[in-house]
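Colleague: Those protein sequence lines, which keep their order, are chains A and B. Each residue of the first sequence is one higher than the one before, counting from 2 in my numbering. Each residue of the second sequence is one higher than the one before, counting from 33 in my numbering.
These aren't lab readings, by the way, just hints derived from the structure by calculation. Computed from a prediction, not measured in an experiment: that's the story for all the values here. Even glycine gets a Cβ: it sits at the ideal position worked out from N, Cα and C. Among these hints, one or two may not hold up.
Part of the chain B face toward chain A, derived, beta carbon under 7 Å [claimed, not checked]:
id: 1; residue: PRO57
id: 2; residue: PRO59
id: 3; residue: TRP136
id: 4; residue: ARG138
id: 5; residue: LEU166
id: 6; residue: HIS169
id: 7; residue: PHE170
id: 8; residue: THR203
id: 9; residue: ARG217
Ranges between beta-carbon positions, derived for each pair [to be verified]:
id: 10; chain 1: A; residue 1: LYS221; chain 2: B; residue 2: ALA141; range: 20 to 26 Å
id: 11; chain 1: A; residue 1: GLY222; chain 2: B; residue 2: LYS111; range: 35 to 41 Å
id: 12; chain 1: A; residue 1: ARG125; chain 2: B; residue 2: GLN112; range: 42 to 48 Å
id: 13; chain 1: A; residue 1: LYS250; chain 2: B; residue 2: LYS41; range: 42 to 48 Å
id: 14; chain 1: A; residue 1: GLU189; chain 2: B; residue 2: PHE189; range: 31 to 37 Å
id: 15; chain 1: A; residue 1: ALA143; chain 2: B; residue 2: LYS84; range: 50 to 56 Å
id: 16; chain 1: A; residue 1: ALA143; chain 2: B; residue 2: GLN112; range: 28 to 34 Å
id: 17; chain 1: B; residue 1: ASP66; chain 2: A; residue 2: SER138; range: 31 to 37 Å
id: 18; chain 1: A; residue 1: ALA94; chain 2: B; residue 2: LYS89; range: 44 to 50 Å
id: 19; chain 1: B; residue 1: VAL91; chain 2: A; residue 2: HIS193; range: 51 to 57 Å
id: 20; chain 1: A; residue 1: ASP184; chain 2: B; residue 2: VAL159; range: 50 to 56 Å
id: 21; chain 1: A; residue 1: ARG125; chain 2: B; residue 2: LEU93; range: 36 to 42 Å
id: 22; chain 1: A; residue 1: ASP184; chain 2: B; residue 2: VAL91; range: 58 to 64 Å
id: 23; chain 1: B; residue 1: ASP46; chain 2: A; residue 2: ARG125; range: 36 to 42 Å
According to the in silico footprint, chain B covers these stretches of chain A (three or more CB under 8 Å from chain B) [as the list claims (entries may be wrong)]:
id: 24; region: 210-220
id: 25; region: 228-235
id: 26; region: 242-251
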Amino acid sequence: MLILRVAAIAGDVESEFDRFLKDKVSTIALAGIDAALDRHPDRRDALVTELVHSGHDIVYLQNACLFTAMRQLEEVFCDHFGLGVFGEAFLYAYDYFLAPGGGQRTVGYPSARDRVKYLVEGARVLGIEPEARLFSSWQDSAPKQTLETDVLFFADQAVGACVDLVRSTAFGILRDKAILPPDPGVVERVEHAFKAGVPDGDGATLAEIVTAGWRYLREKGGLSLETDLNEHDMLCELMLKSIEVSEFKLRVEG
Amino acid sequence: MLSAVEIAKALGPDAPADERLTVVPWPEAADLQDRGGTSIDLRLGRWFRSFKQTRTKSVSLAGFDDATPTLASEISRTKQHFVPFGDSYVLHPGRFVLGVTLEWLRLPAGLSGYITGKSSLGRHGLVIETAAGLHPHFSGCLTLELANVGEVPLEIFPGMKICQIFLHRVTPSEHSSLGTFSGRRKPSLSSPRADNVLRNLRDRADSNP
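Produce the complete structure using the sequences and hints provided.
Modeller: Written as structure tokens, this is what we have:
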């Protein structure tokens, strides 16, 4: 099962991510922060002047930006890892749980709109063209305090400079472990089975079954009305049964 | 009753969509043909529902109307069990448990059937099913009513062949309801439906001596 294979490489991913963070991203992120500071000398100087009053200097600002950028990049890495495993289903789930964005931004995350933008770009790298209406009504999140606003201003530019590298690393780890995004042909077959009211019987990955379920759900407008309850429950049962059948086939057929 | 050849044909991809019998995972087609029988063997699934020992004096099976919230209390009298492949469930003498088929079935409008036990298991005291009818349009896993009427504990294993279904052709009707027990992959429990005749008999019992 896909989930077991992903769990099995969790340790590899963690160590790869640590090494990756230390060796490559921090260097690029720091260069990105310096470049951003140089591009905006007025804002930088005003900030440094303010920091001097509290006994700090530009190094303090650089460190604060780097800390924030690295935490954001961890989230970006995780987002792309999930995207690489679950394909378009990850986008649907992301939208379902976090829409419509907005709210107060914390320093450890990219802004709501940036995070979605990175995901959509990542999807296209995988050959997935997200639905046009997906994320269309998302609002951006905004930081609360003035200092956070300034730190994020510079950190965000460093994050933007590192996203491609983080993305290719996340996808590369999965590719090396032969964990590929859902096969569109299999997803279509599973979705066809769901529409016929039966589980898939030919074996599919967890990601393919989940993707087919999301497609069915979206085509039906979410099945969120009270009158849709039976169909919603049936879909859940069909997805779970498809997973069980896949496990059965895997055990029987090796 | 459908022969092995007819069952294989109804399962096959060449069967028209509205006449196709679906069994997931598919039974071994070669095995079906080789046996030359008239039934499909089904395997035991992994979910069980046993009844708790309680101090309740008795449970009424008179039937409930829509206003009576019964299902939650009925389910609270039972306990769900998941048994992984490779493990077993031990059914002790005199005990009863609900099981489920591993296979998900969907019957087309023109087929009905019934489910029975397997003689090889019955001879050890394992009774499989008492409510045996399968109606057209049913879609889901079949709940099995498993009882050990023998004298020694019996180990039953998810994935083992547990029962068989026989199929008949029926004249398709306009009615296309999936039925109360469709769409389930776990053993399902349901209270009997309200029966107005029985209600009248009970309500008027005292007034008409």
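Colleague: Against each hint, give a clear statement of whether it holds in the structure.
Modeller: For each hint, the structure was consulted:
1. The closest approach between the C-beta of PRO57/B and any C-beta of chain A is roughly 5 Å, which is under the 7 Å cut-off, so the hint is satisfied.
2. For PRO59/B, the shortest C-beta to C-beta distance to chain A is roughly 11 Å, which exceeds 7 Å, and the interface hint is violated.
3. For TRP136/B, the interface hint holds, the least distance from its beta-carbon to any beta-carbon of chain A being 5 Å, beneath 7 Å.
4. Nearest Cβ of chain A to the Cβ of ARG138/B: about 5 Å, under the 7 Å cut. The hint holds.
5. Contact between LEU166/B and chain A, as hinted, is not supported at the beta carbon level, the nearest pair being about 15 Å apart and thus beyond 7 Å.
6. Residue-level restraint check for HIS169/B is violated (minimum Cβ-Cβ distance to chain A is 9 Å; threshold 7 Å).
7. Interface hint status for PHE170/B: violated, as the beta-carbon distance to the closest one in chain A is roughly 10 Å, over 7 Å.
8. The restraint placing THR203/B at the interface with chain A is violated, with a minimum CB-CB distance near 22 Å, outside the 7 Å limit.
9. Here the hint on ARG217/B is kept, as its CB sits about 5 Å from the closest CB of chain A, short of 7 Å.
10. Taking the beta carbon of each, LYS221/A and ALA141/B are about 24 Å apart, inside 20 to 26 Å as hinted.
11. For the pair GLY222/A and LYS111/B, the beta carbons lie near 37 Å from each other, so the given range of 35 to 41 Å is met.
12. Against the hinted window of 42 to 48 Å, the Cβ-Cβ separation of ARG125/A and GLN112/B comes to about 44 Å, which satisfies the hint.
13. With their beta carbons about 23 Å apart, LYS250/A and LYS41/B fall outside the hinted range of 42 to 48 Å.
14. The hinted window of 31 to 37 Å between GLU189/A and PHE189/B holds, with their beta carbons roughly 35 Å apart.
15. Taken as a hint, the range 50 to 56 Å holds for the pair ALA143/A and LYS84/B, whose Cβ atoms sit roughly 54 Å apart.
16. At roughly 47 Å, the beta carbons of ALA143/A and GLN112/B sit outside the given window of 28 to 34 Å.
17. Between ASP66/B and SER138/A the beta carbons are some 59 Å apart, a value that contradicts the proposed interval 31 to 37 Å.
18. The beta-carbon spacing between ALA94/A and LYS89/B, approximately 48 Å, falls within the hinted interval of 44 to 50 Å.
19. Distance hint for VAL91/B and HIS193/A: a CB-CB separation of about 43 Å, inconsistent with the stated range 51 to 57 Å.
20. A hinted range of 50 to 56 Å for the beta carbons of ASP184/A and VAL159/B is inconsistent with their spacing of about 44 Å.
21. Hint check: ARG125/A to LEU93/B, Cβ distance near 60 Å, so the stated range 36 to 42 Å is violated.
22. At roughly 49 Å, the beta carbons of ASP184/A and VAL91/B sit outside the given window of 58 to 64 Å.
23. About 41 Å separates the C-beta atoms of ASP46/B and ARG125/A, a value consistent with the hinted range of 36 to 42 Å.
24. With 0 residues bearing a CB less than 8 Å from a CB of chain B, the region 210-220 of chain A misses the requirement of three and the coverage assertion fails.
25. Given a C-beta distance limit of less than 8 Å, the hint that chain B covers the region 228-235 of chain A holds, as 3 residues qualify and 3 suffice.
26. Interface restraint, the region 242-251 of chain A with chain B: holds (6 residues with C-beta to C-beta distance below 8 Å; minimum three).
Consistency with the previously given hints fails for numbers 2, 5, 6, 7, 8, 13, 16, 17, 19, 20, 21, 22, 24, ordered from lowest to highest.
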